[in-house]
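Those protein sequences? They're chains U and S, same order as listed. Using numbering that gives the first Met the number 0, you'd call the opening residue of the first sequence number 0 and step up by one each time. Using numbering that gives the first Met the number 0, you'd call the opening residue of the second sequence number 0 and step up by one each time.
Any given hint might turn out to be false.
[What the hints assert, rightly or not] Pair ranges (Cβ atoms, derived): (1) ARG230/U x GLN239/S: 35 to 43 Å; (2) ASP158/S x ASN7/U: 38 to 46 Å; (3) SER9/U x PRO184/S: 45 to 53 Å; (4) LEU158/U x PRO65/S: 53 to 61 Å; (5) ARG10/U x ASP158/S: 35 to 43 Å; (6) ARG226/U x LEU452/S: 35 to 43 Å; (7) HIS465/S x MET109/U: 52 to 60 Å; (8) ALA31/U x ARG436/S: 55 to 63 Å; (9) MET59/S x LEU158/U: 35 to 43 Å; (10) ASP158/S x GLN236/U: 16 to 24 Å; (11) ARG230/U x ILE406/S: 48 to 56 Å; (12) ALA23/U x ALA154/S: 28 to 36 Å; (13) LEU361/S x VAL35/U: 32 to 40 Å.
[As the list claims (entries may be wrong)] Far from chain U, by Cβ distances over 10 Å, these chain S residues were calculated: (14) PRO84; (15) SER116; (16) SER126; (17) GLY183; (18) GLY265; (19) GLY267; (20) LEU273; (21) ALA277; (22) PRO283; (23) LEU293; (24) ASN367; (25) GLY432.
Rather than coming from a laboratory, the hints here were simulated on the basis of the structure. Backbone N, C-alpha and C fix where the C-beta goes; we use that ideal spot for every residue, glycine too.
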Amino acid sequence: MALIDLANPSRFLALVGRVLPWLALATAIAFAIGIVLVLMAPDDYQQGATVKIMFVHVPAAWLASLIWVVMSIAALGTLAWRHPLADVAAKSAAPIGAAFTFLCLFAGSMWGRPMWGTYWVWDARLTSVLVMFLMYLGLIALWHTVEDPTRAGRTAAILILVGAINLPIIKFSVDWWNTLHQGTSVFRLEGPTIYPTILAPLLVMALAFTLLFVTLHLAAMRNEILRRRVRTLRVLQAHGA
Amino acid sequence: MKLSGTDLACVRAGLPIFRDVSFAIEAGQALLITGPNGSGKTTLLRLIAGLIRPTQGHIMLGGVDPEASIGEEAHYLAHQDALKPSLTVAENLGFWSRFLGPGASPEAALAAVGLDSLTGLPAAYLSAGQRRRLSLARLLAVYRPIWLLDEPTAALDADGQASLAKLMQDHLASGGIIVAATHGPLGINGASELRLSGGEPGCGPGPASPSGAREEVRGNEAVSPGRSRLAVGRITTQPQAAKRATVRQSLGSIFIRDVTIALRVGGGALMGVLFFLAVVTLIPFALGPDLALLRRVGPAVLWLGALLASLLALDRLFAADQDDGSLDLIVTSGPPLELTVGAKAAAHWLTTGLPLVVASPLFGVLLNLEPGSIGATALTLLVGTPALTLIGLIGAALAVALRRGGILLPVLVLPLTIPVLIFGVAAAHAALGGPVRFATPFTILCALTLISLVIGPFAAAATLRHTE
């Protein structure tokens, strides 16, 4: 199947129907391995068992950013090529992105309470994730405000691309402001600074989270396409077709 | 039942629209108001409906309960269809039937206009002609003896015009009265015609002279200028009195409608909470991330955020009803306007104010508040946000009266909310100890809310009544 065929929503639906069970299975396996590895990983000598929260917190944070990238590509597709699926992709990614961002913030504050003595600090990095959460919610609100999906789609696409400017700020905010939040420790020029015993489960969990996102996203896109078809059918019914 | 107008004149924005207009119609009769664009046909209908007051002359309704106003006995069908796009066809019709009073069953009314296959469809999907048919169905689902129709055939196809003619004939046969502004024949036999000739362009108000509009009533056959002295050509039954919904039923239906609309697409029920979160997020950027400082100013930040969020959300409370024509029906034919306004305020608070209260503890955590302080702030918001909504009602009504929205509302209303803010924040601070007991500012806050409950709906209703 050529890539261009996927532009046709019917073929896309057929493909999703075939792929989705396997993706769900892969997600389940990745999570099973990841959770076992996390349980086997040693506790931190300072942080104790709370370090395990990181295995949820960090992949969720990665996903929060990654989903915005996915939405930005979709937004380009909407604006530049008016691709029929691009708008669907962006719209169905937004609630998933918001959920992962919330998970990241929630897990972070659960960790912050015993470690920093407070659920929340206005650290640059935390704050920019919070701003990102706000932007996700704003986007969802925008889609929920406009009844006509294509009209909402183009407006939302512009907002997504503007919001994409926020992503680098999150990534480099730690280096710029260098506050209470610990610096980057996985992706560094000198190589990772965490032990492989912790790094391996982290990477597996990241993979599991990414698979979970892909599965949820495809399912959400399928729902959105079907929802739009129902809407079109009802409009046609109203106009006596 | 007899509806008559004597020597009516109307001046709007300093320009005379018409003068010396008189008419009289009895049960079972129809009056067609004709005339060129701008001759005041709609104005005359709104005058009869009681939406505007005549500059001169008066309108009388004889043969009914002397307490009843014409607006209560009449059903005004304006250019706007008084439909909510996010509600379904059945929900739109069912609302008016419950709010204004029953008539034919909504199913029968929809069948009469040929919409019975579309009951579950949101009104947003309807074409202009279908929307018009739906508002015609409202005439049946809400029984009123007098129909005031403003160009009822607009957007209707031939089939729709035929069924409209039949509806009107049936209404006349049952003793109803129809006054219709129209450009064409409506297919009513034996209707008399009131021709408004329109003002001559460029003519200002002056002494009684050929300038300005003059009225002319004629029967279908003979043209007889001057006062209408219509011979009653047929024996008619007297119409039934309008069936009115109980006040409780009316208020319940508008409360449920407003909550439903807020939760549907475009309703924006949770938008206030998002705005609240955005404000709370911005404050530390301005103040700096000092947790001790944020803890000190936290209750004030939460109060300011809730204040702004609840006021900004009020902008469209009445404006939406005005734009789609619902407000005309609510003002003229509904239950006492103060109560309706109160019910709308309650629905608005439930969908906008209460979510702010529920979200405030979470935002309190962001601002590093202590648990006691979080609880106290949430409690003061629970008591105080109704006051904000009720005070904001006045601004929302003014925005409708002035036909200006947006930033004007907060400008008008923010000064009025200062007492609520003072005692709300004072109570939240007093909960943590200090020279003042918590109960002192808190009871004053409760009192402010109760006072707003009295002032808000009355002032808003008075403003809406004088909108025209």
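Cross-check of the supplied hints:
1. Restraint check, ARG230/U to GLN239/S: a C-beta distance of roughly 42 Å satisfies the suggested window 35 to 43 Å.
2. Take ASP158/S and ASN7/U: their Cβ atoms lie about 39 Å apart, and the range 38 to 46 Å holds.
3. For the hinted restraint 45 to 53 Å between SER9/U and PRO184/S, the CB-CB distance of approximately 51 Å keeps it satisfied.
4. Between LEU158/U and PRO65/S the beta carbons are some 60 Å apart, a value that agrees with the proposed interval 53 to 61 Å.
5. The given range of 35 to 43 Å is respected by ARG10/U and ASP158/S, whose C-beta atoms sit roughly 42 Å from each other.
6. Taking the beta carbon of each, ARG226/U and LEU452/S are about 42 Å apart, inside 35 to 43 Å as hinted.
7. Roughly 56 Å separates the CB atoms of HIS465/S and MET109/U, a value that falls within the hinted 52 to 60 Å.
8. Our hint of 55 to 63 Å for ALA31/U and ARG436/S holds, since their Cβ atoms are close to 58 Å apart.
9. Taking the beta carbon of each, MET59/S and LEU158/U are about 58 Å apart, not inside 35 to 43 Å as hinted.
10. For ASP158/S paired with GLN236/U, a C-beta distance near 18 Å keeps the hint of 16 to 24 Å intact.
11. A hinted range of 48 to 56 Å is violated for the C-beta pair ARG230/U and ILE406/S, which are about 35 Å apart.
12. At about 51 Å, the CB distance of ALA23/U to ALA154/S disagrees with the hint of 28 to 36 Å.
13. Distance hint check: the CB atoms of LEU361/S and VAL35/U are about 34 Å apart, consistent with the given range 32 to 40 Å.
14. Its closest Cβ contact with chain U, about 7 Å, brings PRO84/S to no more than 10 Å, contrary to its assignment away from the interface.
15. The Cβ of SER116/S sits about 8 Å from the closest Cβ of chain U, inside the 10 Å cut-off, so the non-interface label is violated.
16. Look at SER126/S: its CB is around 6 Å from the nearest CB on chain U, not clear of 10 Å, so calling it non-interface is violated.
17. The non-interface label for GLY183/S is consistent with chain U: the shortest C-beta to C-beta separation is roughly 25 Å, beyond 10 Å.
18. The claim that GLY265/S is not at the interface with chain U is violated, since a C-beta of that chain comes within 10 Å of its own (minimum 5 Å).
19. Not every beta carbon of chain U lies more than 10 Å from that of GLY267/S, the smallest distance being close to 6 Å; the non-interface claim is violated.
20. Not every CB of chain U is more than 10 Å from the CB of LEU273/S (nearest about 5 Å), against its label as outside the interface.
21. A beta-carbon of chain U is positioned within 10 Å of the beta-carbon of ALA277/S; the least distance is around 6 Å.
22. Not every CB of chain U is more than 10 Å from the CB of PRO283/S (nearest about 4 Å), against its label as outside the interface.
23. With 10 Å as the threshold on Cβ separation, the claim that LEU293/S sits away from chain U is violated: the shortest Cβ distance comes to roughly 7 Å.
24. Against the 10 Å criterion, ASN367/S falls within the reach of chain U, whose nearest CB is about 6 Å from its own CB.
25. For GLY432/S, the condition that its CB be more than 10 Å from all CB atoms of chain U holds, with the nearest at approximately 21 Å.
Hint violations for this structure: numbers 9, 11, 12, 14, 15, 16, 18, 19, 20, 21, 22, 23 and 24, all remaining hints satisfied.
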